Amino acid sequence: MDALDIFASAGLWAAVLRIATPLIFGTLGALICERAGVLNLGIEGIMTFGAMIGWMTVYQGGDLWLGLLAAALGGAAFGLLHALLTVTLGLSQHVTGLGITLFASSLTYFIFRLSVPVSGTPPTIVPFQVIHIPVLSDLPFLGEAVFAQTAPTYLAVALAIVIAWGLARTPLGLAVRIVGENPHAAEAQGIDPIRLRIGAVVFGSALMGMGGAFLTLAAFNSFFPTMVQGRGWVCIALVVFASWRPERALLGALLFALFDAYQLRLQHIVGKAVPYQLFLMIPYLMSIVALLVMARRARVPQALMQPFRRGER
Amino acid sequence: MRLERRANIPLSLAIAAPIGAVIAALLLAGILIAIAGAPVLEAYQRMLIGAFGSRLSITETLTRTTPLILTGLAAAVAFRARLWNIGAEGQFYVGALAAAALGSEHGLHLPSYALIPALMVAGAVAGAILLLVPLALRLRFGVDEVVTTLLLNFVAVLFVSMMIEGVLKDPLAFGWPQSVPIVGDASLPKLIARSRLHIGLLIAVGLALLIWLIQSRTLFGLESRAAGLNPSAARFAGVSLTGVLVKVACLSGGLAGLAGAIEVMGVKGYVTTDLSPGFGYTGIVVAMLAGLHPLGVVVAALFVATMFVGADGMSRALGVPSFIADVIVSLSLLTMLVGLFLTSYRIRR
Amino acid sequence: QEKLKVAGIHASPVENAWNSRLHEALLAAAKDGVIEYVFSEGVSGTDYPRAMREYAEAGNKLIVGESYAVETEARQVAADYPGTAFLMGSSGKPSGDNFGTFGTWNHEAAYLAGMLAAPLSKSGTFGAVGAIPIPEVNILINAFRAGVKEVRPDAKFLNGFIGTFFDPPKAREAGLAQIDAGADILFGERIGTADAAKEKGVKSVGSLIDYTPRYPETVFANAMWYFRPILDGAIADVKAGVKTGKDYSSFSFMKEGGNDIVFTESMVDAASIAPMEAKRAAIKAGTFTVPVDPAEPT
Amino acid sequence: MSEPVLRLEGITKRFGTLTANDDVTLELRQGELLALLGENGAGKTTLMNILFGHYTPDAGRVVAFGHELPPGKPRAAIEARIGMVHQHFALAANLTVIENVIAGTERLFSFGLDKSSARAKLKELSARFGLAVDPDARVGDLSVGERQRVEILKSLYRDARILILDEPTAVLTHQEAEKLYATLRGMAEKGLSLIFISHKLHEVLAAADRVVVLRGGKVVAERRAAETSKDELAELMVGRRVARPQRDVQAPGAVLMRATSVDVMSSGTKLLSEVSFEVRAGETLGIIGVSGNGQSALGQLVSGLAKPTEGRLEMLGKEIQAPSPRSFVAAGVGRIPEDRNADGVVGDMLIWENAVLERVRGSEFSAAGFVRRTPSRAFAQTVIERFDVRGGTPDSPIRLLSGGNMQKLILGRNLATSPRILIAAQPTRGLDEGAVAAVHAEILAARRAGTAILLISEDLDEILQLADRVQAIVRGRLSPAIPIGAADPRRLGLMMAGVWDEAA
Ligand SMILES: Nc1ncnc2c1ncn2[C@@H]1O[C@H](COP(=O)(O)OP(=O)(O)OP(=O)(O)O)[C@@H](O)[C@H]1O
Ligand SMILES: Nc1ncnc2c1ncn2[C@@H]1O[C@H](COP(=O)(O)OP(=O)(O)OP(=O)(O)O)[C@@H](O)[C@H]1O
Ligand SMILES: [Mg+2]
Ligand SMILES: [Mg+2]
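Residue numbers (my numbering), protein chains in the order written: chain A, 9 to 321; chain B, 81 to 429; chain C, 188 to 485; chain D, 56 to 559.
Isolated chain A (complex conformation) (with noise of 0.2 angstroms):
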């Protein structure tokens, strides 16, 4: 096999969506944030809380939806207290967000290890497990390459696709991007900033906590602390690639997990002849060069990381 044979392997396309899955929850939800106006570093903990609460709930007994709904759940209650610090209050958003990182992972392991004293390796669930799709999973090459995932990983794909139509079609979409652009003219038109800021950052909280959720309930089947490892930084940057689209935000999540999944095929093949350390910048680079491309076309949402305060000018 050499290094170009590897695009033709049906596993590295299946590894591709694997890893790019949780990817797509956690931009997907910082993009939703930072098009209502509100940028949240909290991601990287709301994403380790996901993980650790989606994984407990299905430890003690819950089924593996209810997992990922915990999770969901518990991202939303931290993206509700960074709604209430950065919208209602109108704090700094990028402090209040790495606090929020801190005190999300830093809860979480302290929970985690209160509920769970260690012995060994520790517990295990039953994840999620890949789903036969009549037919199209038995497609020669594209069902091994395509169809062989868990249901969290369609959903993921689904999501991209319901949220891209949503913010372009919808009312509720319009809303959302209209508070990003402008919460005063948001608000001349009837559209309350405050809650729908606040609803949004609490929706894409939620998608972050299941991003993170992903990752103890399909692609493993036990928490570890600290195993989010910058997923969510990640994230962050692929919104910015994205230039804050739904569908161009799926698009950067697989290019990443591209990278991701040939960089450990291409080991095989060449050794560790290519830093690692490289592919891993990747995204990273990435995102700034969009910044770059982007910049004269002003495609950030202009009230980003600006609080609305009601009755102030």
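Hints in this document: simulated from the structure, not taken from any laboratory. Note that the structure is predicted; figures quoted are calculated from it, not measured. Do not rely on the hints blindly, as some may be mistaken.
[To be verified] If we take Cβ atoms under 8 angstroms as the criterion, some of the chain A residues that face chain B in the derived model are: (1) Phe111; (2) Leu115; (3) Tyr117; (4) Thr234; (5) Gly238; (6) Trp241; (7) Ile296; (8) Leu300.
[As the list claims (entries may be wrong)] Label pairs and their calculated CB-CB ranges: (9) D:Ala276 to B:Asn88: 34 to 42 angstroms; (10) C:Ser310 to B:Leu108: 51 to 59 angstroms; (11) D:Thr364 to A:Gln310: 26 to 34 angstroms; (12) D:Arg295 to B:Pro90: 31 to 39 angstroms; (13) B:Ile103 to A:Gly319: 27 to 35 angstroms; (14) C:Lys442 to B:Leu282: 18 to 26 angstroms; (15) A:Gln68 to B:Gly133: 35 to 43 angstroms.
[To be verified] Quick list of in silico lysine-lysine cross-link-like pairs, DSSO-like style, CA-CA up to 30 angstroms: (16) C:Lys433 to C:Lys248; (17) D:Lys285 to D:Lys234; (18) C:Lys218 to C:Lys192; (19) B:Lys270 to C:Lys430; (20) C:Lys192 to C:Lys426; (21) D:Lys128 to D:Lys245; (22) B:Lys249 to C:Lys280; (23) B:Lys270 to C:Lys280; (24) C:Lys433 to C:Lys280; (25) C:Lys442 to C:Lys430; (26) C:Lys433 to B:Lys270; (27) C:Lys280 to C:Lys192; (28) B:Lys327 to D:Lys362; (29) B:Lys249 to C:Lys433; (30) B:Lys270 to C:Lys248.
Note that CB positions come from ideal geometry on N, CA and C, so glycine has one too.
Go by the hints and put chains B, C and D with the ligands onto chain A.
Then chains B, C and D with the ligands, alone, in the frame of chain A:
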């Protein structure tokens, strides 16, 4: 509920708010401590002991304060001029790497009195360069620096990781990814024997004073303050915004890079990718708590270090999961943010 | 008899396989009434020396942990607290009278696991997933390969490093990538590898701890590492008041009970058991030495 | 006329210690066009913001079509069929016209967003009210006038029966303004009721049915438009008669500043084109124009903030090679920026710091990189005394000063150094009559002392009172100068509309 900006901040409130915030954070953390089955009051007492109860704990608290002062200053001088440098973490790492590379066997061969300042300058220059990149993007292309500086943190850490697994790898470290160590002449003298406390603390406090002097007494201070508070008025008055921002970036990135260099020279001796437990990010917290005042940064850094070291010691003493320390630090940040907000706003109805 | 006060300082959360070996041995010793055990986990490099000093000042007589990320500072601490013994997983040398070190040597068991693995592969390709290429990991993987090669000299090997110690989903991806590339036996230095094997219905070998209960259909053999002999050795020295600044790695050897293979008979080729057991006896008897090769596997 | 469709009762609104609206009661009848008048800061916008629910009043209530509106809910106002055109447009620049118009019109949680029927309705409204605009254009690409139309269409789209317009003509050309008022009259005839705010008394008299005057947050008078005069309204607004100082005749000296065919470009658009003028010692050249026509760009050019892309700019007989604020200040140019809060002062810095900021690099105020604080404070004290700045000492933050006193300080820090040239951009914008008189007196004193003054102003009266010669600026071009003796409001009005006699 409505928020209303206060016309002026009553002194009593300015004092009460931060105290109230700390109390609130401790009460909330108390719930968790109780859940963990430890005696809450004793826990608070243990925190105090953990931070100040012995020669060891005092020196440890001050050792941890040192990099926080520097990264706090880095954030404070930048934010003052409305340069949103979220990249102190990355600047810290490249500063550390520069100091380690030049301070090693293969680096500069200088006597100690020349080597130490040279390495500090090297660290500062490395940090400054890393911040000048996003600044150039902002000035040239109008790219917002919040996101670019944040993202460059991860690039910088990956770069450091690549270096310490590559050309700067310590061949004597048995394959562990760590940089070549600095030579003995490059390490900072200790302030107190048999402790980790080194003269970096004095340097940090001295720099805080110096920056305070610069900000309050010099032309650059006056102009950079004007540029931060009202860029368009500063421009009208003939202040070169670009010039101010470049200087501020050098100062801010330099301070963060210096923090990294000092941590290597004073404490660790070489670079690994876990050299910093988030000193760069915590520096932002410190700067915010200090209201961006350089002397306030010293106090805020001491506060954050106290909280962490105290809580960490408490967790060991009482067998509470050690993650409680970060919980307490983050809680006090969040409550402090709210507390400071309430000094400038009142809530009506 | 008075219990020895022992503190454990874990740089990672104790879920981490390596730390769990220390943690469990220490818990067991505490349960046996030999020691009193307190610990801290997830202690970052910046905080590690402070934790060492705090425990030393709190009157612990033996402090167990890992100095990989803080080699210089840890030795400094030991010098400052001559009354306390330090027993650290380390890549470096012992230091002074009270800074003892140990390596993680379960390569002998890995060699034996390789012998059992060899006939199980149809493709003749064997994968291995590691964190980063440090000698202890390299030696382990190379020993596994040597074991395989003894039985199947024509075997092909794949190797993947994931660049981090704490990303099981990524270890799983690395395992899947190797299966895609034809491997049908995986040597899992990292947790997560066996999940890939399980998912794809191939077999896997565990390292350090016994993964078989977790993956009963997948993990047929484990290269176990036992910390208790090292710990007992150090405790004995502390109690005897002799110098503890020495290398305790030799307690890791199979003949000391420091590492061994555990396997599920029903899952392996029955014909392969006898030669393996013979090798095992030879190792214990000292007539066979498993090669120690710290070079990075490719 | 008929029943009131809208009633504001006893509205009071405080910002901290400032009472912006004080027990205001107001009625609007069906089909009526009501003008709301008052000085800057009188509380007009605040009142309208309360009516529309942006602000919550401290006391009082709003009754529309017989129903009381809940306070602080724009949505309720919209549902009561009230529409508002904001002083600072409330538009999202990155969205299209149609998106700006339909946002919030449908139930949030529905699949709707029927753009095609919305487009049809918008086109119909555009045609009916003569408000042409492309529904699919990005709002950021529209001209100011078009954006104004979008603001109005937003309200009409929601079938507003009551329309509020806050200073709708401030950014429009004369013709655009006339067209707008014609449209508004048409709306009133179709049964809509309208309130508009304007500072332009002639517009008010021409368009409104009724005028309500606010002063210091209180309603001080109400008049039928047909039964009042400009003079009366002006006096009602200010509360007293204020005599502005008179200019005396004086022969001008040498040309101190000259521009020859200067162009200024900014990101691809030409802000100024072939601008030529000259100013002599002891003379005031007035530049009159409607906002948005290049007055700001001209102000920037002559303050050293914008560089000529073509043409020559000379000062004191020498061409300026590298214009910058610093080189202008060094050459002895005093500069008063058009927006004192944005460009004139740094609110959170002290008065003395603001007083010396422009000149701090000179040896008088600094040495070896350090600020010389004693002479700096002394300078500020001198300015405070000489120019009668009230409300602060050199060591108080400048934001505590009122607008007029702030302006006196800005004027003072420039005039205290006896500049050869003075650039005064909108020097009395937002000031009350007392302050206006003081500023005018200082400008005239400088003229007497031989300073060449370039006065950029939107205020006809100000130009007529201070200038010796006048040029109008229209779409980045300057008209030829006419002597003030030949100028009257009608002629200036025509010049501002771009109609100038090439021969003049
Ligand atoms: N949100 C606010 N917070 C604090 N003060 C305010 C606020 N809005 C208005 N003010 C103050 O209330 C007073 C009235 O302001 P308002 O904007 O209503 O005046 P206006 O009559 O519309 O003036 P203009 O002609 O300049 O538009 C001013 O002194 C203003 O500074
Ligand atoms: N955004 C605001 N928040 C709070 N108070 C404000 C705000 N804007 C203005 N004010 C207050 O409104 C008052 C009037 O301010 P303004 O600048 O309109 O002065 P002024 O009355 O016009 O003075 P002068 O007549 O001398 O020009 C000041 O006391 C100021 O503190
Ligand atoms: Mg005023
Ligand atoms: Mg107004």
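Legend entry - Hints not upheld, ascending by number: 4, 14
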